[in-house]
Amino acid sequence: DAMVIQNPRYQVTQFGKPVTLSCSQTLNHNVMYWYQQKSSQAPKLLFHYYDKDFNNEADTPDNFQSRRPNTSFCFLDIRSPGLGDAAMYLCATSEGGANTGELFFGEGSRLTVL
Amino acid sequence: GENVEQHPSTLSVQEGDSAVIKCTYSDSASNYFPWYKQELGKRPQLIIDIRSNVGEKKDQRIAVTLNKTAKHFSLHITETQPEDSAVYFCAARAFGNEKLTFGTGTRLTIIP
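Listed in order, the protein sequences are those of chains A and B. Just so we're aligned, residue 1 is where the first sequence starts under our numbering, counting upward by one. Just so we're aligned, residue 1001 is where the second sequence starts under our numbering, counting upward by one.
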């Protein structure tokens, strides 16, 4: 029944070692988002895709990249994780379009950087 | 871009009392205002939302009010219960924009 699935749920990496987080959806939504959330702060949007159109937030570091090979999947690549990148990474989807509404979140991937 | 301010940052209420959380937004083009509840270690979950063509919406113990002129909206929880303890986020989105801007969050604690 899970609609937005993130893997892995927990990821431990070493400083500077690349990490890839994945997200898949069964909702056939047009829009997929990646948010970074640190200790009860608000989710911070890193980027989103509307279909294949990539939209990067101005303050997202170059260290963060994303790929969306098809409608169902989206990946977050962290090229050289630093200690400050330790966070919960939330994937979300929405229908898209002028009257789009609810965001559907995955369970999140918690990244620890040693 | 849109800026959403949320108050208070923490709120403690006695079980059974009401809780009110307030948000203001800056973009007059915003027309969709959801509220998310996030329990510790879990994902945000939508509890109620309102669009700009409506002034108030209610779902059991939860209600949201919207004042478009003043650009603020509020979450009201009545008859609070211990399971209402969580962090609550308001958010706003402009018409035709996929980006949802979140408020800074309110940590609500219900005191038994």
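Heads up, some of the hints might be wrong.
[Claimed, not checked] Taking lysine to any residue pairs in the SDA-like style, the calculated list, with each CA pair at most 20 Å apart, reads:
#1 A:Lys44 with B:Gly1041
#2 B:Lys1037 with A:Asp51
#3 A:Lys38 with B:Thr1104
#4 B:Lys1099 with A:Pro18
#5 B:Lys1058 with B:Val1020
#6 B:Lys1042 with A:Gln41
#7 B:Lys1071 with B:Lys1099
#8 B:Lys1042 with A:Glu107
#9 A:Lys44 with B:Ala1094
#10 B:Lys1099 with A:Asp51
#11 A:Lys44 with B:Lys1058
Honestly, the hints are just simulated from the structure, not real lab data.
Results for each hint:
At most 20 Å may separate the alpha-carbon atoms for a hinted pair to count; A:Lys44 and B:Gly1041 meet this at roughly 16 Å. Restraint check: the Cα-Cα separation between B:Lys1037 and A:Asp51 comes to about 28 Å, which exceeds 20 Å; the hinted pair is violated. Distance hint between A:Lys38 and B:Thr1104 is fulfilled; the C-alpha atoms sit about 12 Å from each other, no more than 20 Å. The hinted pair formed by B:Lys1099 and A:Pro18 fails the criterion: a straight-line CA distance of about 27 Å is larger than 20 Å.
Restraint check for B:Lys1058 and B:Val1020: the C-alpha separation of about 14 Å stays at or below 20 Å, so the hint holds. A distance of roughly 13 Å separates the Cα atoms of B:Lys1042 and A:Gln41; the hinted pair therefore holds under the 20 Å criterion. Of the supplied pair hints, the one linking B:Lys1071 and B:Lys1099 holds, its CA atoms being roughly 18 Å apart against a limit of 20 Å. With a C-alpha separation of about 6 Å, the suggested pair B:Lys1042 and A:Glu107 falls inside the 20 Å cut-off, and the hint holds.
As the CA atoms of A:Lys44 and B:Ala1094 are separated by approximately 17 Å, the hinted pair is consistent with the 20 Å bound. For a cut-off of 20 Å, the pair hint linking B:Lys1099 to A:Asp51 stands: about 14 Å separates their Cα positions. A hinted pair counts as satisfied when its Cα atoms are at most 20 Å apart, and A:Lys44 with B:Lys1058 does not qualify at roughly 28 Å.
Hint check: violations occur at hints 2, 4, 11; the rest are consistent with the structure.
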